[in-house]
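Residue numbers (the working numbering), protein chains in the order written: chain A, 106 to 572; chain B, 23 to 143.
Quick caveat, the hints were computed from the structure, so don't treat them as lab data.
Heads up, a few of these hints could be off.
[Stated by the list, open to error] Listed below are the simulated DSSO-like cross-link pairs for lysine-lysine, each with C-alpha atoms no more than 27 angstroms apart in a straight line:
#1 B:Lys-118 <-> A:Lys-252
#2 A:Lys-323 <-> A:Lys-566
#3 A:Lys-564 <-> B:Lys-60
#4 B:Lys-118 <-> B:Lys-60
#5 A:Lys-541 <-> B:Lys-60
#6 A:Lys-548 <-> B:Lys-118
#7 A:Lys-542 <-> A:Lys-427
#8 B:Lys-60 <-> A:Lys-323
#9 B:Lys-60 <-> A:Lys-313
#10 A:Lys-390 <-> A:Lys-427
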Amino acid sequence: MFTPDIKSLLEGIPCPAMILDHIFRIIDMNRLMEAMCGHVTDEVRGIHSELVLRSNVGNSRDRLFKSVMETGEPVSTEGDILNCYRRKIPVHYHISPLSNSENVRSGLLVVAEVLHVEEIKKEQSNKSFSSAGIIGYSPKMQQVFNKIPLISQTDASALITGETGTGKDKIAEIIHNHSPRARFPFIKINCGALPADLLESELFGHTKGAFTGATRNKAGMFKLADRGTLFLTEIGDMPLQLQVKLLSVLDDKRFYPIGGEQIISVDVRIIAATHRSLREQVKKKMFREDLFYRLNVLYIHLPPLRERDVDIRYLLDHFLNKFMTGLGRNIAGFTSEAMETLLGYKYPGNVRELSNIIEYAVNMCKKKKVGLEHLPGYIFEPVADSPVAAGDDEINHINHQTSQPQERPPSLVVLPEKTPESWSDIERQMIIDTLKKHNSSRKLAASDLEWTRMKLWRKMKKYGLLP
Amino acid sequence: MNKLMMPIRGDFVAPRFDLATEILIVQYNNGTLLGEPKTIIMDRASDEGLCQMIVEEHITSLVCNGIEELHYNFLLWKKVNVLDGIIGNWQTALEKILDGTLQQGAVLYPDEREASSYESK
Chain A
106 MFTPDIKSLL
116 EGIPCPAMIL
126 DHIFRIIDMN
136 RLMEAMCGHV
146 TDEVRGIHSE
156 LVLRSNVGNS
166 RDRLFKSVME
176 TGEPVSTEGD
186 ILNCYRRKIP
196 VHYHISPLSN
206 SENVRSGLLV
216 VAEVLHVEEI
226 KKEQSNKSFS
236 SAGIIGYSPK
246 MQQVFNKIPL
256 ISQTDASALI
266 TGETGTGKDK
276 IAEIIHNHSP
286 RARFPFIKIN
296 CGALPADLLE
306 SELFGHTKGA
316 FTGATRNKAG
326 MFKLADRGTL
336 FLTEIGDMPL
346 QLQVKLLSVL
356 DDKRFYPIGG
366 EQIISVDVRI
376 IAATHRSLRE
386 QVKKKMFRED
396 LFYRLNVLYI
406 HLPPLRERDV
416 DIRYLLDHFL
426 NKFMTGLGRN
436 IAGFTSEAME
446 TLLGYKYPGN
456 VRELSNIIEY
466 AVNMCKKKKV
476 GLEHLPGYIF
486 EPVADSPVAA
496 GDDEINHINH
506 QTSQPQERPP
516 SLVVLPEKTP
526 ESWSDIERQM
536 IIDTLKKHNS
546 SRKLAASDLE
556 WTRMKLWRKM
566 KKYGLLP
Chain B
23 MNKLMMPIRG
33 DFVAPRFDLA
43 TEILIVQYNN
53 GTLLGEPKTI
63 IMDRASDEGL
73 CQMIVEEHIT
83 SLVCNGIEEL
93 HYNFLLWKKV
103 NVLDGIIGNW
113 QTALEKILDG
123 TLQQGAVLYP
133 DEREASSYES
143 K
């Protein structure tokens with residue numbers, strides 16, 4: 106009689122799987138399950154699987170498992186688990202009964218990540234990334250979308266350029282989520298927001314006693330992003346001395362933390378983004394040429410909104426629906442005059458500005474349709490045409506894309522980073538003001554804002570206010 | 023003096039921080055327990071509630087099994103020493119923390135695994 110080798114069968118299952126005895130203890134598991142749990146089989150054999158799997162369906166699954174043992178019928182259920190990287194992953198559990206020649210029953214537990222199902226859906230959605238928060242039907246955005254699957258499937262460094270508010274962060278996240286690294290961390294760091302020393306410590310970590318105030322070892326972002334993606338935004342603002350170290354890490358894939366003697370090896374994919382012209386920065390000796398070429402292996406340029414006329418109407422509808430839902434309002438659309446004005450506006454702050462304008466309008470509108478009176482006043486002021494030619498040459502974009510905000514007449518309301526009216530800005534400013542009021546005491550600030558300290562910490566993290 | 027929190031479930035370190043409803047709090051100094059361990063039964067599981075409790079109770083160390091990255095980072099930022107991924111009996115974990123030998127990701131199951139099976143309560 107044919108007796109299959111259980112270990113080989115387990116390894117043949119393309120999902121994490123384990124064999125359990127009649128009281129749910131681990132007999133064997135495949136390598137994918139070992140990777141998910143962070144333990145080798147020998148280490149956890151004989152242990153109740155719940156302690157190793159860390160699922161949220163422990164009780165009901167025990168009942169399910171017992172029913173499978175009694176009836177001999179396989180069952181499936183949904184839930185989530187915490188993997189060894191402290192990530193909560195939605196999964197489907199499939200439990201099937203097994204029995205040997207002596208009729209001793211055991212069970213096969215297969216854990217399928219829901220991610221797989223989402224990936225299939227994404228592939229079927231005609232290369233549209235609207236589910237991921239990017240809307241674009243214009244030919245230029247379609248070119249960008251065509252590049253994403255290709256860029257996702259390699260480990261080479263990628264450089265994303267584009268004016269402020271064009272969605273560089275979103276594209277980086279989509280690339281990560283579509284890559285084989287999706288289940289590992291995606292860590293974003295703003296290279297322009299921190300002074301050089303702090304940035305070095307954030308990126309590479311430090312050891313206890315490396316400098317005054319280093320009271321404990323700290324893993325840097327490179328270490329935390331191991332096996333995942335590190336997104337370096339505003340790379341054009343990175344200090345020169347750090348560029349040397351970054352280049353060395355990109356080449357060797359290992360580094361010494363500050364004050365450390367032990368070299369750390371990492372497997373990290375780098376995606377960098379900037380609104381600056383890196384070539385100009387190179388010419389001005391503010392950016393290393395070798396690092397530029399090292400980062401510029403794969404390249405995506407995000408067109409400004411004024412070159413995506415087709416998309417503006419879709420974006421207006423999308424953000425109107427989004428803010429209507431968020432604020433619980435019922436608005437039928439835009440009046441023809443408002444629509445004409447919105448379609449004719451140049452959007453120097455790109456999609457971010459458009460989003461903020463609609464958020465403002467939804468907040469102001471008390472009628473059935475958004476009219477001219479609900480739009481922010483500054484969009485009626487004349488805006489000079491952009492000096493940037495909408496050329497197709499990508500290198501041309503790198504060279505010139507960012508010069509226009511500075512060249513606008515000072516009377517114009519130009520939004521270099523964010524429109525001040527956005528709720529995010531107001532909330533950020535509110536946090537800063539409250540912290541100032543309470544002399545940086547987060548306890549008092551949280552109490553004043555009627556938030557828990559955890560909520561304040563989350564908001565501070567969201568707005569980059571943590572030291 | 024150190025103050026330790028350990029989410030537990032029966033005899034074991036609870037599989038997940040966010041789903042734990044039974045909390046053990048002990049105080050110790052130089053490897054010696056100070057007073058009796060205190061057990062708190064929460065009316066519902068709440069990861070944010072636990073984080074709040076850790077801050078308010080001035081907990082210095084947390085021993086747990088699975089914990090989400092968000093809460094792990096928050097607690098590190100709060101200077102709480104977090105040892106996660108601990109699988110096994112909570113009493114063994116406590117003994118090991120007292121003698122300073124508990125390490126992250128430790129599997130502390132008794133040798134006679136057959137005799138001590140985990141039962142979901």
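Tested hints:
1. Between Lys-118 (chain B) and Lys-252 (chain A) the alpha-carbon distance is near 53 angstroms, which puts this suggested pair outside the 27 angstroms criterion.
2. For the hint linking Lys-323 (chain A) to Lys-566 (chain A), the alpha-carbon distance of about 17 angstroms falls within 27 angstroms, and the restraint holds.
3. For the given pair, Lys-564 (chain A) sits about 33 angstroms from Lys-60 (chain B) by alpha-carbon distance, which is inconsistent with the 27 angstroms threshold.
4. Simply put, Lys-118 (chain B) and Lys-60 (chain B) have alpha-carbon atoms about 18 angstroms apart, close enough for the 27 angstroms limit, and the pair holds.
5. Annotation: proposed proximity of Lys-541 (chain A) to Lys-60 (chain B) is violated, straight-line Cα distance about 38 angstroms (limit 27 angstroms).
6. Between Lys-548 (chain A) and Lys-118 (chain B), the direct Cα distance comes to roughly 34 angstroms. Violation of the 27 angstroms bound is thereby established for this hinted pair.
7. Restraint check: the Cα-Cα separation between Lys-542 (chain A) and Lys-427 (chain A) comes to about 34 angstroms, which exceeds 27 angstroms; the hinted pair is violated.
8. Straight-line distance between C-alpha atoms of Lys-60 (chain B) and Lys-323 (chain A) comes to about 32 angstroms, which puts the hinted pair past the 27 angstroms bound.
9. As the CA atoms of Lys-60 (chain B) and Lys-313 (chain A) are separated by approximately 33 angstroms, the hinted pair breaks the 27 angstroms bound.
10. Proposed proximity of Lys-390 (chain A) and Lys-427 (chain A) is contradicted: the alpha carbons are some 44 angstroms apart, above 27 angstroms.
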